[in-house]
Each structure stands twice: as structure tokens, then as C-alpha cells.
Amino acid sequence: MGLQVNFSAHAKELQDAYQAVLSDTNPTNWLVYSYEKGTNDLKVQDTGDGGLEELFDEFSDGKIQYAFARVIDPNTQLQKYVFIGWCGTGVPESRKAFFNSHLNDVSKFFKSFHVQIQARDEADVEPELIMKRVAESSGAKYSVHKEQQRAMPRVVPVGSVYKKTEIPDIASMQKEAMKKESMPAPVGTNYRPVQTAPKPLNQRWGAGSTGLSDGAAKVRAEREQAEQEARERETAMQKERDAQARQASVEQERRAKEQEQLEQQRLAEDQRQREQQQQEEERRRAQEQQDARHRQEEDQRRAEEEQQAERQRQEAQRRQEEAERQRQQEEEAERQQQEAERQQLEAERQQQEAERQHQEAERQREEERLAAQHQAAATVPTSNVQGQSAVVLFGYDAGEANELSLAEGQVVINIEQVDEGWWFGTTEDGQQQGLFPANYVQLIEASEAPAVVPEPPAAVVHDQPETTQDLGQTAVALYDYDAGEENEISFREHDTITHIEFASDDWWQGVGPDGKSVGLFPANYVELHQ
2 MGLQVNFSAH AKELQDAYQA VLSDTNPTNW LVYSYEKGTN DLKVQDTGDG
52 GLEELFDEFS DGKIQYAFAR VIDPNTQLQK YVFIGWCGTG VPESRKAFFN
102 SHLNDVSKFF KSFHVQIQAR DEADVEPELI MKRVAESSGA KYSVHKEQQR
152 AMPRVVPVGS VYKKTEIPDI ASMQKEAMKK ESMPAPVGTN YRPVQTAPKP
202 LNQRWGAGST GLSDGAAKVR AEREQAEQEA RERETAMQKE RDAQARQASV
252 EQERRAKEQE QLEQQRLAED QRQREQQQQE EERRRAQEQQ DARHRQEEDQ
302 RRAEEEQQAE RQRQEAQRRQ EEAERQRQQE EEAERQQQEA ERQQLEAERQ
352 QQEAERQHQE AERQREEERL AAQHQAAATV PTSNVQGQSA VVLFGYDAGE
402 ANELSLAEGQ VVINIEQVDE GWWFGTTEDG QQQGLFPANY VQLIEASEAP
452 AVVPEPPAAV VHDQPETTQD LGQTAVALYD YDAGEENEIS FREHDTITHI
502 EFASDDWWQG VGPDGKSVGL FPANYVELHQ
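2 is the number of the first residue of the sequence shown in the numbering used here; add one for each residue after it.
Calculated from the structure, these hints are not laboratory results. Among the hints, erroneous ones may be present.
[Claimed, not checked] Cβ-Cβ distance ranges computed for the label pairs, FRET-style:
id	residue 1	residue 2	range
1	Gln-80	Gln-248	24 to 30 Å
2	Arg-255	Asp-215	29 to 35 Å
3	Glu-363	Glu-325	50 to 56 Å
4	Glu-123	Gln-279	24 to 30 Å
5	Arg-328	Gly-422	24 to 30 Å
6	Ala-269	Asp-50	28 to 34 Å
7	Tyr-526	Glu-421	39 to 45 Å
8	Glu-235	Gln-80	43 to 49 Å
9	Glu-37	Arg-275	27 to 33 Å
Since the structure is predicted, the reported quantities are computational estimates derived from the model, not experimental observations. For every residue, glycine included, the Cβ atom is placed at its ideal position computed from N, Cα and C.
Given these sequences and hints, build the entire structure.
See the structure below:
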């Protein structure tokens, strides 16, 4: 369906109805056009000869209709044409949008009319209102048009050939004159008595012929009078004909002038209506342009809002994705850190285990060496086996299993200066031996050292079981714990964990209850022994 109004679908019916309203001989004085359902094809809805009162009932609230009517101007008594564009209040908005453009096209189809009305409800098409608009469109209200037309006298055409005035019958006239003593009645309204010339004096010498002369003179006078009257009648008739001709000419000129004035008024009205239509068309176009600008601005604003919303949605999604990536990265970093910590703890544990094993091996070798020395000392004199001795200046608690705890005033014998800062020695009773810091003791000269009774070989230290000091830091389990990793140890409530090393605040390392497994365990699951 095109957007423009279509006149071609029912062109003949539209044109026939229009010509019927224009025709003076056709009683049809109004028509109504409407659309085919669902299209822009214009059709004839109805026609009639009942005037504006009948046309009033044809308009429907839910339709767009176009009416054309022929009325009589109450001022000029001339025919006027009225064009009505009807757009009911119940018309859908989608159809109302095309009303103005279609109205312009239909007005061009009707070509010429005196009054145009745009109507939306019944108040706009009241017959009284329409006739008021028609009366106002005719301009000045001349009272002459309300008077009855006067009958004009018939104008007798003036003959073009001269006709001689007939001479009246003198004899018959004399007979009639002799019968009447009074003067003859005047002829017509224009009769004027003829002033005859004074009678001539009788000849004094011709008295015998006086009777004959008087009779001839009288006849001649009557003939002249009749001719004069005929001429006067002819003159009067000619004057009357001239007056009638002049009056007809004046009337014709008045009518022509009035017709010219009416034509000028009609042209002026047509020009005014064209200008009004042009102004309305310009206003309509300006309104359409303004509406188009408003729609464009609204569409642009809506597009900008949608773009802004899309940008915000994308930004929120990007932030969410960034937060998710950051969370995953943090989790991955935390997992890697925990893994690194576990690996570091495992490495430290392995290193500590290696160091412990190395120290244990060193201790065993040292014990074997000391045992060999003790065994050799049993075969030599006492003065040669004592070696260097020292008195303890400060108390010292062993920090490792291969160290020797010292008490102030204690005597350490068989001292070997294995390192610049650390010496190796045996307690005076021979029960303990190990490393101790050299600056915690003071060597005793040989003359000052008391004699020491050599110990029997059976009392070698490495053949005795380890004391509780060799277990290092210990703790008792408060709860059951099952290892979650290979580098962890398991234990049950009340089990004892030995050789504890504090790898971190939350995780410690130690030897399990079986005395073999070494690994990590949670610090809050145990309680240290005091």
C-alpha cells in the first residue's frame, strides 16, 4: 500500500459524482469520499440532494472522509462550493499521520471551491456554522441582492427603414368634428395642444369667396395639426424607446459591473483561499519538518541512551570479567604461593633432614672417634689421657642433639678444639659429651687439673640409649589429624611428636609417633611440652 492517496481505482465514479454536484441541472448537491478498507484507494461513499442537513449525518467518528457540497450564498444568492476534510477523533494515529498530505491532494482534485473546512467532530460540520462561513467568505453584504427583481419593460426594437407618416382622412375627421362640439381628446400622455397661427383677415374685396377660403384653411390647419400630433407621438415614442434603451444599457452596465465586482470578489476569495491553503500547507510542512526534527532528535537521544546503556553494560561486564580474572589470578597466585610454601617447607624439611642425618653421621663418627680415644686412653698413664680441661664460666643449654649443656662451675675434660669458636668435650663424670661454645669456658692448666680415674671401656657413651634430650622439642596431639599431602604426617589424639621445627606460624615440622615419618602438621592441633 502506497503512502499517497489513490484516485485511479475508482476514477470514473469519483469524477461523475463531482460533476453532478457542479452541475446546475442536477439535483445532487453533496458528495462524500472515503477509503477502501485497508488501502489508500479513494471511493464514493455516498451522494445526495438534501443539502447540509443530510450531509451532516454522513460523517463517522472512526473515518477519514472528504465532502464537497453546493450551497446558495445568503448574501449574493449565488452558488458557492464548500470542501470539508473530516478526520474523526477515533481514527488510529497511524492513519492520522497521512491526513494533511492526503487533504492537500484531494483539495487539488476538486480544483476550485469557496470555503474549506477541516473538521474533527460534529460541532465543526453544523449546517449553521458552514453557512456562516459561506456568508463571511462573500465579503461585503449588499442589500440590493435581497430585493425582488423588478420586471423590466419590453424594449421594442427601432426599425431601420423609414416609414412615412400616413395622412389622416380629412373628410372623416371633419364629419367626426361636426358631431362633437368639444375639442378632440388629447392623444397619449405626451399630447400638447397645438398653437395654431392667427387666422388671416378676410379680404375686404373678396367677400363673395370667404366661405370657401375658410373651409380650405380649416382643413389645412387640421391636417397640419394631425401631422404635428403624429410627429409628436413619434418623437415621444422615440424618446421612450431611447429612455428604455438607455435604462437597459444602464441596467446592463450595472449588472456587468456587479458581475465584475462579484468576479473580482470571487477571484479575491479564491486568491485568499489559495493563500490560506498555501499558508496552511507551509504551516503543515513546517510542522512536519518540526515533527521530523523532533522525531530525529528523539531517535538520536534514544540511540545515544541505548549506546550509553550498552557502554555501561559492556563496562560492567568488563569490570566483572576483570574482577573474575583478578580473583582467578589471586586464587592462582595464592595456590602457587601455597604450593611454593609447601615446596619450600618440603625443601627446608629435606634440607633439615639432610643436615640432621649429616649431623647424626658426624655425631656417630665423633662418638666412634671418642670411643676409640677412650679405648686408647685406657692403655696409657693417667697423666696422658686427661687432655685439656676447662671450667664453665657461664651456663649453656644445648640447642642441638650433638651439643653439650653446661652449668656454671662445671669442669669439662678431654677438650678438642675442633673449630675456632666451638670445642668438643666430655663432662667430668663421663656421661655426656658434645660441642659447646669456646667462650663459655676457661682452660685449666695441667698442674691445676685434678687426677681423673680412667673409665672402663664398657662405659662407652654410644653404647648407651639416647636420653630425652635427643628428642628435641616435643608436643602432644590434641586432635586427630590425617595427612592431606605426601609431605605431611598423621597422628591421633595424645600421640607425641618429636624433633619439632617451627617452619612457619601455622605449620610445624616434626617426627611422627612411629619415630620414622617426618613431615608437616598444623600447629593448632598440638600442645608443646614445657
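Problem set entry | Range hint compliance [Cβ, Glu-123 to Gln-279, 24 to 30 Å] | Holds, at about 29 Å.
For this session: May I ask you to test the hint 50 to 56 Å on the CB atoms belonging to Glu-363 and Glu-325?
Result: Given range 50 to 56 Å: holds, Cβ gap about 55 Å.
Exercise. Between Glu-37 and Arg-275, does the C-beta distance stay in 27 to 33 Å?
Worked result: 30 Å, holds
Exercise. So does Tyr-526 sit 39 to 45 Å from Glu-421, Cβ to Cβ?
Worked result: 43 Å, holds
Exercise. Measuring from beta carbon to beta carbon, are Gln-80 and Gln-248 in 24 to 30 Å?
Worked result: 28 Å, holds
For this session: Look at the Cβ atoms of Arg-255 and Asp-215 and judge whether their distance stays inside 29 to 35 Å.
Result: Violated, at about 58 Å.
Problem set entry | 24 to 30 Å as the expected CB spacing between Gly-422 and Arg-328, which holds or is violated | 52 Å, violated
Exercise. Would you say the C-beta atoms of Glu-235 and Gln-80 sit inside 43 to 49 Å of each other?
Worked result: 46 Å, holds
For this session: For Ala-269 and Asp-50, compare the CB-CB distance with the range 28 to 34 Å and indicate the outcome.
Result: 30 Å, holds
Hint violations for this structure: numbers 2 and 5, all remaining hints satisfied.
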